[in-house]
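Asker: All chains, please: the whole structure from these sequences, using the hints.
Take a look at the letters that make up each chain.
Number of protein chains: 2
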Amino acid sequence: MAAAAQARAPETDAAIAELARLLGERLSTSQAVRDQHGKDISYHEAMPPDAVAFAESVDEVVAIVKVCARHKVPIVPYGTGTSLEGHIAAVKGGVCVDVSRINRVLKVNAEDLDVVVEPGVTRKQLNEYIRDTGLFFPIDPGADASIGGMASTRASGTNAVRYGTMRENVLALKVVTPDGRLIRTGRRARKSSAGYDLTKLFVGSEGTLGIVVEVTLRLYGIPESVAAATCSFDSLDGAVNTVIQTIQSGVPVARIELLDDIHVDALNRYSKLTLPVKDLLLLEFHGTEAGVKEQAAMVQALAAENGGADFAYAAEPEARSKLWQARHDAAWAAKAMKPGAEIWATDVCVPISRLAECILETKKDIVAEGMLAPIVGHVGDGNFHVSFVLDPNDPEDQRKASAINDRMVARALALDGTCTGEHGVGLGKVQFLYEEHGEAVALMRAVKRALDPDNIMNPGKIFGPLN
Amino acid sequence: MAAAAQARAPETDAAIAELARLLGERLSTSQAVRDQHGKDISYHEAMPPDAVAFAESVDEVVAIVKVCARHKVPIVPYGTGTSLEGHIAAVKGGVCVDVSRINRVLKVNAEDLDVVVEPGVTRKQLNEYIRDTGLFFPIDPGADASIGGMASTRASGTNAVRYGTMRENVLALKVVTPDGRLIRTGRRARKSSAGYDLTKLFVGSEGTLGIVVEVTLRLYGIPESVAAATCSFDSLDGAVNTVIQTIQSGVPVARIELLDDIHVDALNRYSKLTLPVKDLLLLEFHGTEAGVKEQAAMVQALAAENGGADFAYAAEPEARSKLWQARHDAAWAAKAMKPGAEIWATDVCVPISRLAECILETKKDIVAEGMLAPIVGHVGDGNFHVSFVLDPNDPEDQRKASAINDRMVARALALDGTCTGEHGVGLGKVQFLYEEHGEAVALMRAVKRALDPDNIMNPGKIFGPLN
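Residue numbers (this note's numbering), protein chains in the order written: chain S, 1214 to 1680; chain A, 1214 to 1680.
Keep in mind that the hints were calculated from the coordinates and are not lab data. It cannot be assumed that every hint is accurate.
Intra- or inter-copy, both count: the list cannot distinguish identical chains.
Claimed, not checked - DMTMM-like cross-link-like pairs, simulated, lysine to aspartate or glutamate; straight-line CA separation at most 20 Å:
(1) Lys1506 - Glu1437
(2) Lys1320 - Asp1629
(3) Lys1551 - Glu1341
(4) Lys1279 - Glu1652
(5) Lys1337 - Glu1652
(6) Lys1577 - Glu1381
(7) Lys1551 - Asp1447
(8) Lys1506 - Glu1531
(9) Lys1535 - Asp1248
(10) Lys1485 - Asp1542
(11) Lys1506 - Glu1518
(12) Lys1506 - Asp1578
(13) Lys1535 - Glu1507
(14) Lys1305 - Glu1529
(15) Lys1548 - Asp1604
(16) Lys1279 - Glu1269
Answerer: Here it is, written out as structure tokens:
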């Protein structure tokens, strides 16, 4: 701690001293705690904050923000640390505000299909809590992320094709602003035309405009019937065209995921499955019993037309769980492909009609460069991830991956797509944000400066060194 | 024109002179044209602009805005003039920019279920244009409004319970900013986490942040089967509880509208119908043939439990059209209830579980005050309108209506609802915006000042005299 303190600016010291008086042992400057809070689960390097404040109430968050604001010390909001673009790296030091202990489910409004939660509630915790109500919260980004963090990165995942993303499912927020005011961005009414949509402005703002301290979410009835299916293809082309035709036909699939042959092979080894080592679609259907069967039959017919074989239907919970657990372990399976490897998960999203083109060109590029890089995706949304399996000691590996990613993003943008479907900009997509939005970034920055003139809220994220 | 010119500020004169050079006869200062552009279809008084600029291209909009920005002259964007809260009233004079002639459908991306349109395209024009594609655009606020205007007021209407509002259905916008830059707020990808959600910031901003000059919208497959139904109730209570239970059961109704007995009576007279003069639910179902029948049967069963009778099912297009045309004529039917009357349509929205309470209390208040004020609503969203039928020469009528409205909004806010479900704030809801959002309005105003520091974009709207 002494070494760290030496490097700190006087205003940071002052803020930390005040916060220590406020929080006691819940203000930590220990190296271990700082290190743990300076790195998410991505390839981005660790940048520990100067201190970590474990807040236990909204009032404490307000008090912490006021102290930091007065001293103009950077604030980095922290939920579970499962972000993927370096969102929690303290690029300018400062205080990490860990809200994971503010984690009560405040109010289940079952009759309105909504719920009010504190930011540290995780998605699994929420679904566990509401299980007896017959309702569920569908957004599933893989990690057991906090709801506050998911709102802040505009997360989505496997169910988004049917249920939307955090953009569609956050009804309202409470936020602590950079100057320590507590505001509420909306009400529980299903729609409103009352002024600017601050809810949607804060969703996806990655902690750069304030700290989310309460989230009102939509819930959905647990479907009467759920079934999973897998289908293998000899060509990526066939798999992707099945997805495109499924979406265009309006089949309301709940999940439609692609894993390329490389990824299936890795998954078989890691999760002890016996899937054919081919390009795979992994599906889930929600509905009435008859409806689910009808949906599955429609997709099976489309798959058959596109060379799909081995259509396997799994209605039993155990079989379904095993498949989806394997899907969620995809990143670990990729990591296990090469000992000591690091994974870099990319994240473009394109209009569905351009998906085949975007994936096939990217795959060609990966093969040409001789890279180990399985592909997985929420393809019903046009969203896919190349997972580069990198040797951290091989700069050439890194260079090649970076070049492939650059070309892939350029390709996605040329196809009217986006540089990030669900991970966010963080530190990793700053350059691409400017390429994607052009002059519109100037408006985003004007909003940032208006709401956070001293640039204390998660500085360096989204816009890079500028605010 | 001479008289008007006398009252104009010198900077307005200078801007008008420049615009006349740019647009020739398409810059009008005639009293008739100004009057026509200064009043929407609401009860708000006419406030004509100093001039009306009929733009015919996006480049012209940019040029017009640059001229006005240089002279700091107010700009009022104009589509079809069908807004309901005085949105187009030129409270500070200035130039009305009429974009109704910029009205091409630019690109139908049928395979991606989206379309790119210019702002002056109306919803009926769009649906006519895409009819052969098997797709449709569901948002239906009643009036044949322009898509630019619908985006700007975050419009919704009868289909929102199934398909969402403009908030959910605008994928991206092109906007001319208050300083004359042309920006694009997003891409056609179905989801993105790339930076602040400027699309949603502009949707519902009522022309106060810029002029919408292009809109990318979601489209939907025309359902295989469509059927309508009506059901009458002896009590409002029964009708509203049927709605609540329908929504809570997850029946995917496409439309579920309430008309109270007073409104049904007016509709029978105006539209030559023979509906029982009771509280009425008017429904529409979209789906497969079997699905539609199943949905109707479920609602019929719920209605029966709540005292609903005369459940009439109409699958034939003519019968359906007649019913929905009557629904859309509801405002005219209300107006016809009293010769020379003016209609004041209110617009609260509450969580569905609180809907019965909110409507019943309001109805009681209307009866107690002895007002003529039928109720109609998009009740599946928790949204309803009291249509006051007012004698424009009776200030007491106006005073009573205003008091009932104040109490209704206070009631809606107390029930976690909003002061406007779909009409917007405009001039009529400014006071309520502050009551609803409190401190959060300060953030909205900070955004407004950041993007429009000279307050030239539709000044006076949303925030009142302050910007």
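Asker: Taking each numbered hint in turn, which are not upheld by the structure, reported in ascending numerical order?
Answerer: 3, 5, 6, 7, 9, 12, 13 and 14
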